[in-house]
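K.L.:
For reference, the chains in residue letters:
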Amino acid sequence: MLVGVNMSFGKTLAIHSYKGGTGKTTLIANLAGLYAMNGMKVCLLDLDLYAPSLSMYFRKKPTIYLNALLRGELDKPNGKVDTSSLLTDVSSELGLKGKLLLGFSSPNKEDINEIEFHHDQKWQLKAIKRFQSFKNQLFHEKEIDCLLLDTSPGIRYWSINALAMANMLFLIMKTSDMDIEGTKKMANDIYDVLVRYGKSKYFIILNKVPDISNSNGLWGDLTELTWSGELQKDIGTQVVGSVPCCCDIQFSKHEFLYAVKHPEHPFSKKVLELSERIKGLC
Amino acid sequence: MDFITWEESTKETNEQNFNKKIFQLLSIYVSLGNKTSKISLLLESDIRVLIIYHIYGDCLNPGSFNASKVDKSNFAAVMLLNLGTLSWFFIFIFYMEDIFVTLNLNTLAWANFVGNSLVYGFAIFWSIAVSFIGSRINRKKLLFASIILGIFSTVFLAFAKGPISTSIVGSLMGMSLGLGLPSSMALVANNTVVENRGRASGIIILGTFIITFAFMGIHRLLTLDLVHLIMIMAAVRSTSLFALVVGKFGRPLTKVEQKIRLPTTTYREFIFYLSPWVMFTIASSLAHSLISDAGFGSGIYLGESLRYVFIAVFGLAAGFIADRFGRKQPIILGLATLGIAYLLLGFNMNEMSANIYYALSGITWGLFFVVFLAVPGDLSTPVLREKFYALGYILPLTGLFALSAIPIENIADILPPETIAQIVGICLFLSMYPVFRAKETLIESKIQERKMKEYVERVGKTIQEAE
Numbered sequence: 001m002l003v004g005v006n007m008s009f010g011k012t013l014a015i016h017s018y019k020g021g022t023g024k025t026t027l028i029a030n031l032a033g034l035y036a037m038n039g040m041k042v043c044l045l046d047l048d049l050y051a052p053s054l055s056m057y058f059r060k061k062p063t064i065y066l067n068a069l070l071r072g073e074l075d076k077p078n079g080k081v082d083t084s085s086l087l088t089d090v091s092s093e094l095g096l097k098g099k100l101l102l103g104f105s106s107p108n109k110e111d112i113n114e115i116e117f118h119h120d121q122k123w124q125l126k127a128i129k130r131f132q133s134f135k136n137q138l139f140h141e142k143e144i145d146c147l148l149l150d151t152s153p154g155i156r157y158w159s160i161n162a163l164a165m166a167n168m169l170f171l172i173m174k175t176s177d178m179d180i181e182g183t184k185k186m187a188n189d190i191y192d193v194l195v196r197y198g199k200s201k202y203f204i205i206l207n208k209v210p211d212i213s214n215s216n217g218l219w220g221d222l223t224e225l226t227w228s229g230e231l232q233k234d235i236g237t238q239v240v241g242s243v244p245c246c247c248d249i250q251f252s253k254h255e256f257l258y259a260v261k262h263p264e265h266p267f268s269k270k271v272l273e274l275s276e277r278i279k280g281l282c
Numbered sequence: 001m002d003f004i005t006w007e008e009s010t011k012e013t014n015e016q017n018f019n020k021k022i023f024q025l026l027s028i029y030v031s032l033g034n035k036t037s038k039i040s041l042l043l044e045s046d047i048r049v050l051i052i053y054h055i056y057g058d059c060l061n062p063g064s065f066n067a068s069k070v071d072k073s074n075f076a077a078v079m080l081l082n083l084g085t086l087s088w089f090f091i092f093i094f095y096m097e098d099i100f101v102t103l104n105l106n107t108l109a110w111a112n113f114v115g116n117s118l119v120y121g122f123a124i125f126w127s128i129a130v131s132f133i134g135s136r137i138n139r140k141k142l143l144f145a146s147i148i149l150g151i152f153s154t155v156f157l158a159f160a161k162g163p164i165s166t167s168i169v170g171s172l173m174g175m176s177l178g179l180g181l182p183s184s185m186a187l188v189a190n191n192t193v194v195e196n197r198g199r200a201s202g203i204i205i206l207g208t209f210i211i212t213f214a215f216m217g218i219h220r221l222l223t224l225d226l227v228h229l230i231m232i233m234a235a236v237r238s239t240s241l242f243a244l245v246v247g248k249f250g251r252p253l254t255k256v257e258q259k260i261r262l263p264t265t266t267y268r269e270f271i272f273y274l275s276p277w278v279m280f281t282i283a284s285s286l287a288h289s290l291i292s293d294a295g296f297g298s299g300i301y302l303g304e305s306l307r308y309v310f311i312a313v314f315g316l317a318a319g320f321i322a323d324r325f326g327r328k329q330p331i332i333l334g335l336a337t338l339g340i341a342y343l344l345l346g347f348n349m350n351e352m353s354a355n356i357y358y359a360l361s362g363i364t365w366g367l368f369f370v371v372f373l374a375v376p377g378d379l380s381t382p383v384l385r386e387k388f389y390a391l392g393y394i395l396p397l398t399g400l401f402a403l404s405a406i407p408i409e410n411i412a413d414i415l416p417p418e419t420i421a422q423i424v425g426i427c428l429f430l431s432m433y434p435v436f437r438a439k440e441t442l443i444e445s446k447i448q449e450r451k452m453k454e455y456v457e458r459v460g461k462t463i464q465e466a467e
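In order, the protein sequence lines correspond to chains A and B.
Using my numbering, the letters of the first sequence correspond one by one to residues 1 to 282.
Using my numbering, the letters of the second sequence correspond one by one to residues 1 to 467.
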């Protein structure tokens, strides 16, 4: 059970990574599912506009995507946006105690191309303002407790935008050298700058961590704890948790809210632990 | 990615191993950008595989073959070294004719021809020599020799009298320049990364011309005599010695660095960049001769003064433009400005047009000096850096050397100065063509990276204001 499940933390959390394939979508969907299962009103938005995957994950085909919001198609004269058809409520179909609202971005090739190539910085800043207004409405009108943003990996307009709009930034990384180097670069290039502009400190989540005791000497004398300590020192921020690499989840045909549906699985236990730690940080 | 070329130093290397190395190399480079040290380690572990790299567009660019972390004290030393060397060079060039005329009993022809030719000729010869042996000699010793030679030859100028001693001193000064300039400039490239090289060059040019301009101001205000002029020049040259105390320039190249070769297309690119540079130097010295012959005297003082101010100011601006938008923009802007200035001279050569020419040429000088301090570094590898920088100024010096042998008065007999100016103006516009053909040396990903960094700042600010 989550500690303090009734406490509203009213924060926007963004999950980001240096590379693709780190397990952002799986982790954020499971976190959202866990929070909603424990009675919170959660909204999860797919801001990975360059490679959207949330609609596939939840097997949903909405009529309106977040792209329309960013383009200004949902603008209302009073400066607000029409959110009614933008969000999909999956709480009842999943039997969740709280509320889980989902916002998807368009997987259409044309929409991805448009967001990738056709807009300048001026457009991006306008789109951010629209999104900001939408976000305020979510907290004030829909009264959500927590907004979770799934972002694009790397340094691109909509990963930066999503990170800038969040209160807390969580950086998912695997344990390879490439991820560590890339993460350090992003810490210098993005996170430190955003922290200067008032964002909370960023945190690291280790994902797909191999079982060190069974690593055939690849890790030498290192334990996960010492390694994690070294990493904290190296990157300069706190590691809030680690999620083990579970082959049955990684290679399942369609993993779907495993932490909600199979709470006894080691993966689920770790995600639960992580969700508690995140709440503790808020 | 355009291509990767490679060689094997022995026949033992099998293709499978090579492919594996290439794959490892690319994965590391793609993910880590400038982590040169990792590549060196990888290659040194199996020296048989010699990878010769040059991939345009994204990650593998010779310009990124620098220290990934720039040592600040070394960088400061490089700045000081170049400020001393370049200020001394420009002050000497500015006063060279006057000094030689004074030392040779007012023989203008000797000063114009023999003196100039000796300085330029020796500078060219020693630059070529250094570019071939430079990478095998301890750079610090080479620079020390060049600076000491520069100081002593400058001081000896005060004692020279008559053509023989002046010729010897002039030759030694040319030798000092040839020995020191390619290495000093190469060190700028070695101690900067491609995305900061333009600004570093801009700061060097700004500093150089502030010193030069201040020197000229002092000389004019205090009406210094030849001995004082020479002593201050020697003092300027000796400032570079401090750089040798602070800087660590003696690092020999590693085996891998020594064996890296560039594909021929890089040399072609370099020639594309050199063409406008050569044209610019020829045009500048031709204009100087044409305007001198017109005999405006002190009527062009304002233009001449503005020129030095503009070199400093636009040099700094060029650095920022070159790092933000690329190296080609300042070159095109410079050629267009000088082309217009020349056409103005061609339209009517009078005091006003000469003044405007000098002022506008200052803009071009500033833009060009900076870009041509950055481009050879962008295109070369550590072992070839001296050669690229030597070539970068040997060609213009050869142009000057050739021009010092051409009596302009005779050309003016055949063609009026205005016509010459018009022809050169058109040539300047035409020399934009190779620049358009050349590939940008500031790679696209670096331009993009900078844009993104600025964007993060803008977004952070926007959200902060909105909240």
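Any given hint could be a false lead.
Claimed, not checked - Interface residues of chain A toward chain B, partial, derived using beta-carbon atoms under 8 Å:
| # | residue |
| --- | --- |
| 1 | 119 |
| 2 | 140 |
| 3 | 153 |
| 4 | 160 |
| 5 | 165 |
| 6 | 168 |
| 7 | 190 |
| 8 | 196 |
Stated by the list, open to error - Listed next, the in silico DSBU-like pairs over lysine-lysine satisfying Cα-Cα at most 30 Å (straight line):
| # | chain 1 | residue 1 | chain 2 | residue 2 |
| --- | --- | --- | --- | --- |
| 9 | A | 11 | B | 461 |
| 10 | B | 72 | A | 129 |
| 11 | A | 142 | B | 451 |
| 12 | A | 60 | A | 99 |
| 13 | B | 439 | A | 185 |
| 14 | B | 461 | A | 76 |
| 15 | A | 122 | A | 269 |
| 16 | A | 122 | B | 461 |
| 17 | A | 201 | A | 184 |
| 18 | A | 201 | A | 253 |
| 19 | A | 184 | A | 269 |
| 20 | A | 61 | A | 233 |
| 21 | A | 261 | A | 11 |
| 22 | A | 19 | A | 270 |
| 23 | A | 122 | A | 99 |
| 24 | A | 142 | A | 80 |
| 25 | A | 233 | B | 72 |
| 26 | B | 161 | B | 72 |
| 27 | B | 140 | A | 126 |
| 28 | A | 174 | B | 161 |
| 29 | A | 174 | A | 76 |
| 30 | B | 140 | A | 122 |
| 31 | A | 80 | B | 461 |
| 32 | B | 439 | A | 122 |
| 33 | B | 140 | A | 185 |
Derived from the structure by calculation, the hints contain no laboratory data.
Ideal Cβ positions, reconstructed from N, Cα and C, are used throughout, including at glycine.
K.L.:
Please flag the earlier hints that this structure goes against, numbers listed from lowest up.
P.N.:
Hints 1, 2, 3, 6, 10, 11, 15, 18, 20, 23, 26, 27, 28, 29, 30, 33 not satisfied by this model.
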